[in-house]
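**Student:** Sequence:
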Amino acid sequence: MKIRGLLTALDPVLASRGIIPDADAVNGGEVVGPDAIRPFVVAQLAGTAGSGRTVLAIVATTREAQDLTQSLRGLLPAESVVEFPSWETLPHERLSPRADTVGQRLAVLRRLRHPDESDGPIRVVVAPVRSVLQPIVAGLGDLEPVAWNVGDEINVEDVLNKLVMAGYVRSELVERRGEFAVRGGILDVFPPTVDHPLRTELWGDTVEEIRSFAVADQRSRAVAPEESLWAPVCRELVLTDQVRERAGALRDTHPQLSDICTKLEAGIAVEGMEALAPVLVDSMESLFDQFSEDSVVVVCDPERVRTRAHDLLTTSEEFLKASWLIAADGGELPMEFEGSQFYTWDEARDLAGDRTWWSTSGFGFDAELQEDSDVHRVDSGVELGARYRKNTDELLADLRAHLDLNWAVVVLTEGHGSAERMCEVLNGADIAARLVDELDAAPEPNLVTVTTANLEAGFLAPSAKLMVVTQADISGERVATKDMQRMPSRRRGGIDALALTPGDFVVHEQHGVGRYVEMVSREVQGSM
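At position 58 of the sequence shown (counting the first as 1) the number is 92 in this note's numbering, and the numbers step up by one without a gap.
There could be a bad hint or two in this list.
Between beta-carbon pairs, the in silico distance windows are [unchecked claim]: (1) Asp328 <-> Glu187: 38 to 46 Å; (2) Leu207 <-> Gln290: 34 to 42 Å; (3) His450 <-> Ala250: 25 to 33 Å; (4) Tyr550 <-> Asp176: 49 to 57 Å; (5) Ser254 <-> Glu187: 20 to 28 Å; (6) His410 <-> Leu207: 54 to 62 Å; (7) Glu552 <-> Val198: 35 to 43 Å; (8) His450 <-> Lys297: 48 to 56 Å.
List of simulated lysine-lysine pairs, DSS-like, C-alpha gap at most 30 Å [what the hints assert, rightly or not]: (9) Lys499 <-> Lys36; (10) Lys355 <-> Lys424; (11) Lys36 <-> Lys424; (12) Lys196 <-> Lys297; (13) Lys499 <-> Lys424.
Worth flagging that the hints you see were computed from the coordinates, not collected in a lab. No residue lacks a Cβ here, since even glycine has one placed at the ideal position from N, Cα and C.
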């Protein structure tokens, strides 16, 4: 909670506007304000939701979901805020979603159904509208992950069977998420929710050590966090005996699916098998079914969400029609089954039932319209901050003007180096500035507090005399940050060394550009 102090400073503002008292008194409403207020409204509702209640924040796109998740983790405990990603594929396509996407989704569903004592309960789930509109196989939250700790006694054969049932693929070398390999007393597993694969060293049936290792050279790295391995299911369609039996029956009634159904009946996972889920499982659910009846739903910019939902359904229908046209020319038939297509936005709204429904909108607040409307509208009292676009003089003048009025000013940067540089610039301009690691309490007036955090944009809260400026406001550009420790979900531009021919240009990771000459074998310690 690096900037919890900002939420503390805005508490009186949101309370005076009726958001906190009315969060339970009315069945939701609409908060009018700039996009920058979204994380504060969601965090405020999560704080007033009480024990055992969760907030579902719905946004238009995956990028917005990632940004909102990062912002909320600065206001609430990081482990209590999770993102529920959407598939990269359409329901009728013969393609499966990535293992890391499925693993992240199932980890969220598991925590919602069975909260973990170490991480605590989930307070906010951020989901793009695509995740909300997609049906989910019933009971995914009850699937048990494969897990063990250092010192545990495990039966290797049982563990391997459980990994196969969980959708993991056995391979010679672990290179991708959702794979595992066995070599003597070493068991390598790449859970879809971690950054690096994990290597378990066994002494007999006893787990001696669990370490991460690098995919490139297969060398062990640091000891695994908490010296444990937690491998969630990485397929949303688990090949149980019942599913395999139904796949065999489906093959007899739909000969065009015999290639897929034959493998499924044999217990072999294939690409695109998730499209058959509606006819292979007992029932499908919506994302709302994973939340309790007293949960709170917050739709960020409902007009954009509604438009995105409409575009998604239109695109899916167009691709489905194109697939049937290709099938008419001899191509593969699309897998279209009742219950697999996206819900409409109106259907999703009905599936939410009586859950409290809030929204945040950037449209202006009109008191006359409020009297004639059934929607409970609340003006946030927050204004969008200025964009300086690298105009340092304008920034300094604006900061001085607000400090002269005894305002509290907070400047947020993406990195510690940028924060230090900002303090140097402000102090050099005779503006009182202080660098802090975390903003735990409300910022002090007549002082610029500089810290690091992820917020989409700055804002002004006149009633609280609070000014927030982000690095994007100062530079006019979004700052792209990336965790260099995390492995990419998909590697691009990879080179197969066996496909190179003499004279080809290559780019070496350390040595730069070079020309391929030949492949040689060298003897190292008596081995080739």
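**Student:** State for each hint whether it applies.
**Tutor:** Evaluation of the provided hints:
1. Asp328 <-> Glu187: 38 to 46 Å: holds (42 Å)
2. Leu207 <-> Gln290: 34 to 42 Å: Because 36 Å falls inside the window, the suggested range holds.
3. His450 <-> Ala250: 25 to 33 Å: The hinted range 25 to 33 Å holds for His450 and Ala250, with Cβ atoms some 29 Å apart.
4. Tyr550 <-> Asp176: 49 to 57 Å: Distance hint for Tyr550, Asp176 holds at roughly 52 Å.
5. Ser254 <-> Glu187: 20 to 28 Å: Roughly 22 Å apart at Cβ, these two residues keep to the hinted range, so it holds.
6. His410 <-> Leu207: 54 to 62 Å: Holds, since His410 and Leu207 (Cβ atoms, about 58 Å apart) stay within the stated range.
7. Glu552 <-> Val198: 35 to 43 Å: Given range 35 to 43 Å: holds, Cβ gap about 41 Å.
8. His450 <-> Lys297: 48 to 56 Å: About 52 Å separates the Cβ atoms of His450 and Lys297, which means 48 to 56 Å holds.
9. Lys499 <-> Lys36: Holds. Lys499 to Lys36 sits at ~21 Å (cutoff 30 Å).
10. Lys355 <-> Lys424: Answer violated: Lys355 to Lys424 is near 49 Å, above 30 Å.
11. Lys36 <-> Lys424: At roughly 26 Å apart (the allowed maximum being 30 Å), Lys424 and Lys36 satisfy the hint.
12. Lys196 <-> Lys297: Cα-Cα ~19 Å, so holds.
13. Lys499 <-> Lys424: holds (24 Å)
In the structure shown, a violation is registered for the earlier hint numbered 10 alone.
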